[in-house]
Amino acid sequence: MASAAPLDDAVVRRIARLARIRLGDEEVSRLRGELGAILGWIEQLNEVDVSGVDPLASVGQATLAMRADFVTDGDQTEAVLANAPARAGTFYTVPKVVE
Amino acid sequence: MTDTLDFTIAGARNALRAKTISARELTEAHLAAIEALEPSLNAFITVTPETALAAADAADGALARGEGGPLAGIPLAIKDLFCTNGIRTTAGSRILEPFVPPYESTVTRQLLRDGAVFLGKANLDEFAMGSSTTTSAFGPTINPWQRQGSNTQLVPGGSSGGSAAAVASGMALGSTGTDTGGSIRQPASFCGIVGMKPTYGRCSRFGVVAFASSLDQPGPFARTVEDAAILLGSMAGHDPRDSTSMDWPVPDYAAACRRGVKGLRIGVPREYHADGMPAEIERLWQQGLDWLRDAGAEIVDVSLPHTKYGLATYYIVAPAECSSNLARYDGVRFGLRVPAQDLTDLYEETRAAGFGAEVRRRILIGTYVLSAGYYDAYYLKAQKVRALILKDFTDVFGQVDALLTPTAPSAAFGVGENMDDPVKMYLNDVFTVPASIAGVPGISVPAGLDGDGLPLGLQVIGKHFDEETVFAVGQALESAAGFSAKPQIRVGSLR
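Protein chains in written order, with numbering that gives the first Met the number 0: chain F, 0 to 98; chain Y, 0 to 494.
Just chain F, with the same shape it has in the complex:
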């Protein structure tokens, strides 16, 4: 595994940014330790010889079924919007993104 480099605060901040989770400074340093410990423990997979092994994404045995191409659902505007934290008419609203 390529990653023996210990996590630093900048990496933790970068991941948190990718994950869109705001972190305070204290949390960054705590997470640096916790995530570093988890990743260090995971490094044991380095011992496993996986040469020639194909990656396995799922153990599901179902094959994707074909069906006729027609609409089976829809016209559920109110149900879809029922849990909106903020809405205007039939739209979700968010803070202004265009000046």
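Honestly, the hints are just simulated from the structure, not real lab data.
Backbone N, C-alpha and C define an ideal beta-carbon position, used for all residues, glycine too.
You can trust all of the hints, since none of them are fake.
Label-pair distances were calculated between CB atoms; the ranges are:
#, chain 1, residue 1, chain 2, residue 2, range
1, Y, D289, F, G35, 40 to 48 Å
2, Y, G85, F, D72, 12 to 20 Å
3, F, D72, Y, D251, 27 to 35 Å
4, F, E42, Y, V99, 38 to 46 Å
5, Y, H272, F, D72, 45 to 53 Å
6, F, N45, Y, E37, 43 to 51 Å
7, Y, D251, F, D74, 36 to 44 Å
8, F, D24, Y, D251, 55 to 63 Å
9, Y, Q152, F, D24, 29 to 37 Å
10, F, Y91, Y, E281, 51 to 59 Å
11, Y, R240, F, D8, 38 to 46 Å
Partial chain Y-side listing against chain F, Cβ under 7 Å, derived:
#, residue
12, Y346
13, R359
14, I364
15, Q382
16, A386
For this one, chain F is given, so just place chain Y on it according to the hints.
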């Protein structure tokens, strides 16, 4: 009332059909138990007495007409990870605290189709991430069992700890759980009840709040193996809305319980003799093998060579899938929103406020192992080890019909223990994770008590889609073990 709460599902069905009890009486007794025990156990996030009583009355009406499905009038607890139409579904998270689904999960829809009465939504680790039900945003669930001579509060296991505690304490006759790495089997072991994780693809995941989609699988809790089989019969089956659910007929699982184990070959994976495992768990395992041998099974030593890499593989694959699945909680379309001046702040503040510490850790781990430069080293590598773990099981199931192992490396531990170090908590799942990674079915059956008087479970693992053999072996263990101990915190105990 205690007698009413001691029913099995099979026994309650007979009593309801013989009219020695009504569904309303049965439901009222369980609602009263919930009211009495909830202050001690916190097994529920939401209790729904009105809908429960209405469903009970409907079941009584159907039974009076000589109708009524296989679960007519049976009171169940539903893990708060299953979307229930018009009933708040939180996944144990602040971020879903206000969420009321406008649709029903397939598993719960099928249980309702068969006449079940839902008492409420059971507590769980946040987004089913945990082994103790202490990460719930709605407070920890307490195990109804206590160590002899001690009133230390113990965890019920997790993530489906509320579902397990409700059934163990007599608040419900059965319940639903989900199992991603052990979240049904480990709490069943900690609470002295039966918990079954079916084969991946046996039950639909539609309407189950997603954690790790290639691993998540719904399954039942009950106080007997037969009851778990009855519940799975209703929960299982093909669903066009889950492309991973198999279009195969659902066998008669309750009948399979009566098959016996004569002539079956039961494997003992030598890698499950973990370092530091308590001697009493080793002894119980040996006892279980003796029971099966006495019942006519042949015991075979086998090897699952990649067992020790199961957990590390799991803790790459599961967080990777979780970081992707939980990206949907953005404060825009449903759930919590923390108001902010711009959209990025809205996302980041909402997710910081809405997710608890363990969920944040897993999202961040998952984001890291999927990020550019690390994907091959972590995620791809884990997927390759996953292939080797699956091959271990495929090879072994060429030699044996089922495997017997302990369910967990310990009995229930205290609330607050194992919290200092995430990896220590993860080790709870060492015996349950490999079957999840391979997608094979497993059941935990209560088999004995440890020196402190706490329940210990044994796990039976079977071939893909061969839940029937798993139930048959589970039933043989249950019959031999004669497990009849009761937890300290249950309705009778309050008198």
